[in-house]
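J.: Sequence:
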Amino acid sequence: MREYTVPAVTEPPTGSLSDPVWANASSHPDTAVFSRRTGSTWTDVTAAEFAQQVTGVAKGLIAAGVKHGERVALLSATRYEWTLIDYAIWSIGAVTVPIYETSSTSQIQWILTDSEAVVAVVENATHGAVVESSRAEAPALQEVWQIEAGAVDQLTALGQDVTDAEFDKRRSAVAPSDLATLIYTSGTTGRPKGCKISHSNFLDELGPAVKILDDLFDTTGASTLLFLPLAHVFARIIQVGCVMKRVKVGHTADVKNLVEDLGAFRPTFILSVPRVFEKVFNSASQKAHADGKGKIFDAAAETAIAYSQAQDKGGASFGLKAKHLLFDRLVFGKLRAVLGGRVQYAVSGGAPLGDRLGHFFRGIGVPVLEGYGLTETTAAVSVNLPDDLRIGTVGRPLPGVTVGVADDGELLFKGGQVMQGYWKNDEATANAIDADGWFHTGDLGEFDVDGFIKITGRKKEILVTAGGKNVAPTMLEDQIRLHPLVSQCMVVGDGKPFIAALITIDPENIVPWATERGKPTDPAALTQDADLIAEVQKAVDDANASVSHAEAIKKFSILPIDWTQESGELSLKLSLRRHIVMDKHGADVEALYAK
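Position one of the sequence shown corresponds to residue 1 (UniProt numbering), numbered consecutively onward.
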């Protein structure tokens, strides 16, 4: 087996995740470490104020009887209180069990039952009702507080008789090896499993990460706006890094007003998933075409991509530099303004970004640092760096991490951020972490002589055609989704004579396109429209150009509805839930092969 190791650059971690809260309050008490949105304004929270609020909530949890190692469920959208309560739980040695606010009733019941949570903090009355209905299945559950009903004030009042000495004793007893959180996997198949992640897992990753990503975490005025779910490990690890380095953090879960929030908060870096970057590009493209400026945007996009590609080949020519400068004034500056105007870098994870998007965003002046990791690895095991970036890869392993490629092409990792195992599931743990300590990711990939890792597909998602050709569907799907009119795509063909695809249309971008042409704006009325089919065919042709003839998509079908989290086809990470799509659209797949 081939291996590549990046040596560790830091000492083994000490202390706990909550220690920086009090270190910041002592060394930089007046530094604004958070900003809270109240109505249309943002109000700063200093390091001293945050430490005081964490202490108040922590004392309340102590007064409620929460003991060291016991689980506390946290069911809420991303908001300031989420972070506040998370740190309060950690500071007393308890274990945070995050639950997505979009989780189904059965998922919430399962997590509460399996984790044996003793108390819960929820966002609102709707969440509270679901949790209350789960008491029969979760006998360990005692108190439930609602954030919107004053949970922070209630807990602070409850703990007013807990002494500082008692709290300090609890806080000082937390060790790096103690469990910090149980994060349940999204459960695209079967019941979610709880990943046991310790304080040390977080610290092992972040110790070196914040050093090598100092352009993000250690610059004057650094800030970020968190809008991804904090229930997911990706946003959570950034939260922890920001607290460690006193990077100002804002929160919003209102994605519909994200552009407005970015403009008001003006972060210096953002984190997101590839689908958001796709939407930014596609929306800008579609708007430009609808306004009669499509040729300008297309030329600007090609210039941005060429300019970025030139950075890897010795630099841009004089002519390309001149074109880039022109389009920076006409187009690129406006796109940077959409992100708040101060963003220097973006961080992407969760799925492959794709070369074209990577070059486009670097070309407009917002390099996307693509990384790779899973919940089981406490987020990233590899990442591209500002001064060591190779587009099309997910970067090199973090310091202290070893990557390996098994004989069947599966990526394996070793490192301090690999979880302790699955909660109450030794069989699943043994299947994921072998006797030699390798974590089996389930992803297929490779790395070059410099250690840069490239993801090539999912081990369980490889399609094998009737002719015996192995096809990685995600490479084709990622390329097709770049088209402004395409929302989602699923490539099919397992056991079939050729590769085909189901495609859905973006419900927002179709409106200006259809209006300009005097067509119905409802995607359901356009599935057989010749012009739309021709547009989608362009996307398919572009994707096919990157694969062999045997791997190319021969037929596709445009579906009348989009796939969403709410309807079940997308996971909470916006990943395609293939088995759900196949269950719902099996007849559509068969129709592709019936003619």
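Possibly wrong hints are sitting among the right ones.
Simulated pairs of lysine-lysine, DSSO-like, Cα-Cα distance not exceeding 30 Å [to be verified]:
#1 LYS334 <-> LYS469
#2 LYS414 <-> LYS279
#3 LYS469 <-> LYS584
#4 LYS424 <-> LYS414
If you're looking for bench data, these hints aren't it; they were derived computationally from the structure.
J.: Hints numbered earlier in the text: which of these fail when held up against the supplied structure?
T.: Of the numbered hints, 1 and 2 do not hold.
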